[in-house]
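Sequence lines, in order, name chains S and A. Reminder that position 403 of the first sequence reads as 403 in the working numbering, one-by-one numbering, no gaps. Reminder that position 151 of the second sequence reads as 151 in the working numbering, one-by-one numbering, no gaps.
You may find that some hints are simply not true.
Which copy? The list can't say, so a pair holds if one copy fits it or any two copies do.
Claimed, not checked - Below, a list of computed lysine to any residue pairs in the SDA-like style, where the Cα atoms sit at most 20 Å apart:
#, residue 1, residue 2
1, K134, R152
2, K373, D158
3, K317, L369
4, K373, N242
5, K317, P159
6, K373, D91
7, K373, A149
8, K134, P324
9, K33, E195
10, K134, G269
11, K33, R75
12, K317, R207
13, K317, Y351
14, K205, V238
15, K33, R194
16, K33, R335
17, K33, R285
Just so you know, the hints here were simulated from the structure itself, not pulled from any lab data.
There are 2 protein chains.
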Amino acid sequence: MSLDRDKRENRIARVVIIGGGFAGLWCTRALAKDRVAITLVDRCNHHLFQPLLYQVATAGLSAPDIAAPLRHVLRRQPNVSVQLAEVTGIDRSARRVLLDSGAALDYDYLLVASGAAHAYFGHDAWAAHAPGLKTLDDALEIRRRILTAFERAEAATDPAEADAWLHFAIVGGGPTGVELAGTLAEIARHTLRREFRRIDPARAKVRLIEAGSRVLSSFPESLSENARRQLERLGVEVATGNPVSMIDASGYVLAGQAVAAKTVLWAAGVAASRLGGLLAAPTDRAGRVLVDADLSVPGAPEIFVAGDLASLTQDGKPVPAVAPAAKQMGAHVARAIAARIRGESAPSFRYRDYGNLATIGRLAAVVDLRGLKFTGVMAWAFWLLAHVFFLIGFRNRMIVLTNWAWSYVSYQRGARVIFGASEPRRAKQAADETSG
Amino acid sequence: MSLDRDKRENRIARVVIIGGGFAGLWCTRALAKDRVAITLVDRCNHHLFQPLLYQVATAGLSAPDIAAPLRHVLRRQPNVSVQLAEVTGIDRSARRVLLDSGAALDYDYLLVASGAAHAYFGHDAWAAHAPGLKTLDDALEIRRRILTAFERAEAATDPAEADAWLHFAIVGGGPTGVELAGTLAEIARHTLRREFRRIDPARAKVRLIEAGSRVLSSFPESLSENARRQLERLGVEVATGNPVSMIDASGYVLAGQAVAAKTVLWAAGVAASRLGGLLAAPTDRAGRVLVDADLSVPGAPEIFVAGDLASLTQDGKPVPAVAPAAKQMGAHVARAIAARIRGESAPSFRYRDYGNLATIGRLAAVVDLRGLKFTGVMAWAFWLLAHVFFLIGFRNRMIVLTNWAWSYVSYQRGARVIFGASEPRRAKQAADETSG
Chain S
1 MSLDRDKREN
11 RIARVVIIGG
21 GFAGLWCTRA
31 LAKDRVAITL
41 VDRCNHHLFQ
51 PLLYQVATAG
61 LSAPDIAAPL
71 RHVLRRQPNV
81 SVQLAEVTGI
91 DRSARRVLLD
101 SGAALDYDYL
111 LVASGAAHAY
121 FGHDAWAAHA
131 PGLKTLDDAL
141 EIRRRILTAF
151 ERAEAATDPA
161 EADAWLHFAI
171 VGGGPTGVEL
181 AGTLAEIARH
191 TLRREFRRID
201 PARAKVRLIE
211 AGSRVLSSFP
221 ESLSENARRQ
231 LERLGVEVAT
241 GNPVSMIDAS
251 GYVLAGQAVA
261 AKTVLWAAGV
271 AASRLGGLLA
281 APTDRAGRVL
291 VDADLSVPGA
301 PEIFVAGDLA
311 SLTQDGKPVP
321 AVAPAAKQMG
331 AHVARAIAAR
341 IRGESAPSFR
351 YRDYGNLATI
361 GRLAAVVDLR
371 GLKFTGVMAW
381 AFWLLAHVFF
391 LIGFRNRMIV
401 LTNWAWSYVS
411 YQRGARVIFG
421 ASEPRRAKQA
431 ADETSG
Chain A
1 MSLDRDKREN
11 RIARVVIIGG
21 GFAGLWCTRA
31 LAKDRVAITL
41 VDRCNHHLFQ
51 PLLYQVATAG
61 LSAPDIAAPL
71 RHVLRRQPNV
81 SVQLAEVTGI
91 DRSARRVLLD
101 SGAALDYDYL
111 LVASGAAHAY
121 FGHDAWAAHA
131 PGLKTLDDAL
141 EIRRRILTAF
151 ERAEAATDPA
161 EADAWLHFAI
171 VGGGPTGVEL
181 AGTLAEIARH
191 TLRREFRRID
201 PARAKVRLIE
211 AGSRVLSSFP
221 ESLSENARRQ
231 LERLGVEVAT
241 GNPVSMIDAS
251 GYVLAGQAVA
261 AKTVLWAAGV
271 AASRLGGLLA
281 APTDRAGRVL
291 VDADLSVPGA
301 PEIFVAGDLA
311 SLTQDGKPVP
321 AVAPAAKQMG
331 AHVARAIAAR
341 IRGESAPSFR
351 YRDYGNLATI
361 GRLAAVVDLR
371 GLKFTGVMAW
381 AFWLLAHVFF
391 LIGFRNRMIV
401 LTNWAWSYVS
411 YQRGARVIFG
421 ASEPRRAKQA
431 ADETSG
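Given these sequences and hints, build the entire structure.
Structure representation (structure tokens):
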């Protein structure tokens with residue numbers, strides 16, 4: 001086996017890590033002291049602090065506030081080279097990753113940590129009308145739609161059209177859906193107050209739609225019920241028990257009823273990134289790679305999968321697709337690679353669940369720390385401190401805290417900018433770009 | 001005349017203001033106490049603090065930091081209605097402004113203050129290869145090109161290709177060109193230090209190209225010479241006396257010599273916005289409307305033009321296209337409209353020139369206050385304070401100051417985010433958007 005030969009020759013092992021999210025970045029950092037040559041490949045130039053992405057989408061933060069350039073984060077780690085590229089193929093037999101630039105990266109060990117994308121459960125046509133939230137570009141597109149909707153409502157001459165622009169539906173009652181709905185209600189009721197002359201933004205309807213029986217289903221039932229009450233207090237209508245059966249440009253259908261709504265946001269389905277498919281490994285129904293206990297791919301001990309792309313069951317329950325799990329998996333893969341290099345077998349991964357928290361809106365959140373539950377103001381303060389603590393980079397922390405303090409006092413959102421001009425101009429620019 | 005009838009009937013005069021820049025916004029505010037019904041039309045939802053736009057382009061500030069939502073700025077002024085729309089026509093005989101939505105706005109008084117756009121002196125094909133800097137979208141595009149260029153240089157296998165990616169040419173030695181060049185040199189020499197493994201970013205060549213004999217030609221000669229020395233100290237090569245004769249995807253031609261350069265930025269030509277043409281009024285060579293002494297259009301006393309779109313000569317010199325002149329013109333038009341409503345004739349506009357300042361880079365600037373000249377650190381500190389003072393909104397001031405303090409100490413840039421992924425993906429998204 002070539003790994004043994006590498007070891008005998010004391011050659012530095014080549015590690016390729018695909019994805020600079022929590023799993024990939026934590027693995028990279030954990031290998032800082034090892035005799036390895038790491039290439040970290042990402043199609044974005046930044047690590048994204050996804051837990052605050054909804055705040056970019058709702059104009060509370062600027063996109064760069066929650067992004068840290070990967071090169072900068074890793075500048076003092078000499079065994080890493082960062083490459084901005086898209087992966088187009090993985091050749092398992094040649095142990096080689098193919099990039100869109102035409103270049104190829106040979107590896108002795110590979111970590112695939114390319115995360116998740118949206119899934120529309122077979123309704124791909126819905127994507128154009130109900131954008132999801134995974135990247136900064138997604139967030140800016142959602143921000144554009146939300147801010148533009150109020151503008152269109154103000155300009156509308158037909159009252160029914162204005163109502164359709166003021167109907168915001170969020171599909172999916174998980175943490176992202178809850179955050180978006182709570183913040184949207186605050187924008188409509190407080191942020192935009194007095195700014196319009198023909199419409200009253202507070203008239204906007206914010207509806208959170210969850211097909212299951214309760215929101216935040218990963219939390220204990222009492223907290224789901226509490227979250228629902230907090231949402232309703234903020235002005236959100238919570239509709240549980242029925243799935244959306246159709247989405248198009250005019251609105252959506254719920255429980256057989258067609259609703260006119262110009263803004264539908266998708267926070268329901270998550271599927272593995274397409275790189276899972278490139279691996280030619282067994283996957284679960286969502287396309288996530290079924291990994292062995294050490295997070296390696298069955299039959300390929302030199303390939304690991306971590307983060308949202310990995311499917312693993314522990315004590316009969318799936319390891320959740322959350323940031324702490326991704327970080328733990330990334331760090332584990334670093335230990336597993338180091339063990340293999342030493343000629344030892346890799347240890348099994350064990351997820352440590354420290355708790356679960358979700359924010360709902362101003363002074364509203366739920367926290368579940370291994371059974372210690374709290375809600376409301378206390379939970380909100382805990383959520384805020386935890387997120388500032390985990391945000392990468394001193395500057396980002398400072399800016400985010402300043403923004404939050406200002407938003408709290410003023411009810412304002414600091415990033416209310418619609419990029420691009422009117423839609424016809426955007427379409428023209430897009431066409432020019434394609435042909436240029 | 002209908003204005004007299006309006007006055008007799010004591011009807012509220014309808015004022016339409018096109019453009020929420022310095023001229024339009026200052027006019028709107030100055031009419032706050034008057035009995036007028038103002039409609040402010042802009043194709044963007046924000047007022048843009050253009051003097052700091054180059055900092056967004058060079059990743060020092062986030063786009064929302066220098067933008068203030070027009071609705072929010074004007075929320076407490078009940079005689080204003082803000083409309084997000086593009087103007088498609090001006091019907092002078094019907095006194096009506098046509099919008100892209102199909103709606104029309106009737107006016108008794110009209111201010112056209114739609115500013116300027118880039119001009120490529122008849123070489124429109126250059127636009128695709130040498131973007132200019134007027135809007136936030138322009139700034140994000142330039143930021144994307146600058147950051148991507150270093151990434152491409154790192155990935156290049158051919159040294160000549162890497163050199164082409166590391167050659168940055170800025171065409172035009174006015175304030176914007178000088179700012180871009182100075183900041184780019186700082187990014188290459190300081191910000192990116194230690195972040196790349198194959199290239200040395202400090203090797204990047206930053207060339208500022210000015211067809212005339214000196215940079216900052218609106219300043220006294222001694223300050224131009226000083227600015228040149230400050231630029232050279234920062235690492236910028238200043239090339240004066242020759243125009244660029246060709247720009248394409250591979251580079252540019254200067255003084256008969258073809259230079260391989262993947263990043264060319266345009267800071268040379270400015271033309272009036274196309275709305276000048278819609279007015280059917282006499283214009284100067286740059287397309288700016290030749291206005292009467294009271295800033296009205298000859299033969300149309302109810303139509304005013306202000307800001308970069310207005311062409312006016314005072315004491316034998318053109319009034320410059322700078323923010324203070326635009327603000328003064330905007331406020332003047334408000335006084336002129338108020339005078340006309342009272343049945344009086346409008347006063348003549350008089351530009352008061354308080355001075356001229358330009359920043360060059362870290363600790364480098366030039367200031368000319370009616371003959372009181374200073375340069376270097378003092379000028380830089382003066383520039384900084386003046387710009388924070390004039391920035392709209394308490395939050396923006398706080399965020400910008402925090403960012404600057406952090407950038408000064410760390411040599412870092414806070415907004416180093418490339419939106420969108422690799423170019424093929426961008427093109428695909430653009431195509432999807434066009435067809436969707």
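Evaluation of the provided hints:
For a Cα distance limit of 20 Å, the shortest separation of K134 from R152 qualifies neither inside one copy, at 26 Å, nor across copies, at 25 Å. Proximity of K373 to D158 under the C-alpha cut-off of 20 Å is found in neither arrangement, the shortest distances being 48 Å within a copy and 59 Å between copies. Taking the shortest alpha-carbon separations for K317 and L369, only the intra-copy value of 18 Å comes in at or below 20 Å, while the best inter-copy value is 71 Å. Within a single copy, K373 and N242 get their C-alpha atoms no closer than 28 Å, and across copies no closer than 71 Å, so neither meets the 20 Å cut-off.
Proximity of K317 and P159 under a CA criterion of 20 Å is satisfied in neither setting, with 49 Å inside one chain copy and 53 Å between copies. Within a single copy, K373 and D91 get their C-alpha atoms no closer than 47 Å, and across copies no closer than 65 Å, so neither meets the 20 Å cut-off. In this assembly of identical chains, K373 and A149 lie within 20 Å of each other by CA distance neither inside one copy nor across copies; the values are 37 Å within and 50 Å between. In the homo-oligomer, the alpha carbons of K134 and P324 lie at most 20 Å apart inside one protomer (17 Å), although the nearest pairing across protomers, at 42 Å, exceeds that limit.
For the homomeric pair K33 and E195, the shortest alpha-carbon distance between copies (18 Å) is at most 20 Å, but the shortest distance inside one copy (56 Å) is not. Taking the shortest alpha-carbon separations for K134 and G269, only the intra-copy value of 11 Å comes in at or below 20 Å, while the best inter-copy value is 39 Å. In this assembly of identical chains, the alpha carbons of K33 and R75 lie at most 20 Å apart only when taken from the same copy (14 Å versus 56 Å across copies). With identical chains, the CA atoms of K317 and R207 are never at most 20 Å apart, being 31 Å at best within one copy and 60 Å at best between copies.
Taking the shortest Cα distances, K317 and Y351 sit within 20 Å of each other inside one copy (11 Å), while across copies they are farther apart (74 Å). When the C-alpha separation of K205 and V238 is checked against a cutoff of 20 Å, the pair qualifies only within one copy, where the shortest distance is 11 Å, while the shortest distance between copies is 57 Å. For the homomeric pair K33 and R194, the shortest alpha-carbon distance between copies (18 Å) is at most 20 Å, but the shortest distance inside one copy (57 Å) is not. In this homomeric assembly, K33 and R335 come within 20 Å of each other (Cα to Cα) only inside a single copy, at 11 Å, whereas the closest approach across copies is 70 Å.
Taking the shortest alpha-carbon separations for K33 and R285, neither the intra-copy value of 38 Å nor the inter-copy value of 65 Å comes in at or below 20 Å.
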